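Asks: Sequence:
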Amino acid sequence: SGIRAPAEKKMLHSSASAAVDQPRIGREVTAHGGTSLGTGWAKKQPEVFSLQGAGSKLKLPMEWRKQRVRNTRLWKKVSAIQTGDSSETTCFIQRLQSTFQSELPTVSRAEIKDRLEDICDVGVRVDECMRADLLLLTSGLTTWQQEYKHLQTLTSCQETVSSLLHQIQQLRDAEAKWRMMWSHSGPRLRRCPRSRTSETPLLIYSSLQELKEMETLKHQVKTLQRQIQIQRVMAEELLPILFSLELQEDTSSLYLLYRAMYCQLCEGGQQFPTLVVDNIPD
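Just so we're aligned: the sequence shown equals residues 209 to 490 in the working numbering.
Some clues are possibly wrong.
In silico PhoX-like pairs for lysine-lysine, Cα to Cα no more than 25 Å straight-line [to be verified]:
# : residue 1 : residue 2
1 : Lys285    : Lys274
2 : Lys284    : Lys274
3 : Lys385    : Lys321
4 : Lys426    : Lys321
5 : Lys426    : Lys285
6 : Lys420    : Lys430
Hints are computed from structural coordinates only; laboratory data are not their basis.
Note that this is a predicted model, so its numbers are computed, not measured.
All chains should be built: construct the whole structure from the sequences, respecting the hints.
Replies: Below you can see the structure in the form of structure tokens.
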């Protein structure tokens, strides 16, 4: 122990001197058991960020900037192509217009007929209104209120008639276009020879929805015709059997047969009539 004592003193002295040379960085234990910063600790305040002060230092991500430059370059190419020479485009459009019928009528031929009927009805009403108004004027002395009312009626009828004439002109133009399209002298769409179209009627529709409705109605008509044919065959086959059973003595099951026959021939097999009491006396 006597030999080790000087060595231990040297070690303690060197560690103490090193501790004195180094700055105080750490925490000290307080009397209440907490910790506090040492006297040599430099307190740093957090920096407050603001767009006005440090907003100019912000930068967008590099990948986003690359995509932005690429997008701008592509848009410039598109703009240059659109504003370039469009002679080929114009030539192509002219060829399409010369090959196909570019302007189709806005109304079908069936709608033209319906609208003409409506216009005729309105014209008849206008005529009746004018006749009634003239009768009131020619019946006797008129006041200025009646003359003013007559003037209003006349103005309204004139506006209605001019509107009807404009509609008639539009329908006339549409009919002329349809005739030009389907005539032999038309530039494009033509009819088939009469030998082929004499048996099959010409189907004209203005929209896909109208075509679907026509096909649905045609299918319903065919279904009803088939049901009528089936009912006729069943009547020819089943009614003689039913009439022959009436001649027999045992007629207890005839009521059920009559109802079954009615179900098949009159209700299409969908409804079966029932009675509260089946045992009907003779």
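Asks: Could you run down the list of hints and mark each one as holding or not?
Replies: Do the hints match the structure? See the list:
{"no.": "1", "hint": "Lys285 with Lys274", "verdict": "holds, 17 Å"}
{"no.": "2", "hint": "Lys284 with Lys274", "verdict": "holds, 16 Å"}
{"no.": "3", "hint": "Lys385 with Lys321", "verdict": "holds, 15 Å"}
{"no.": "4", "hint": "Lys426 with Lys321", "verdict": "holds, 22 Å"}
{"no.": "5", "hint": "Lys426 with Lys285", "verdict": "violated, 54 Å"}
{"no.": "6", "hint": "Lys420 with Lys430", "verdict": "holds, 15 Å"}
Consistency with the previously given hints fails for number 5 only.
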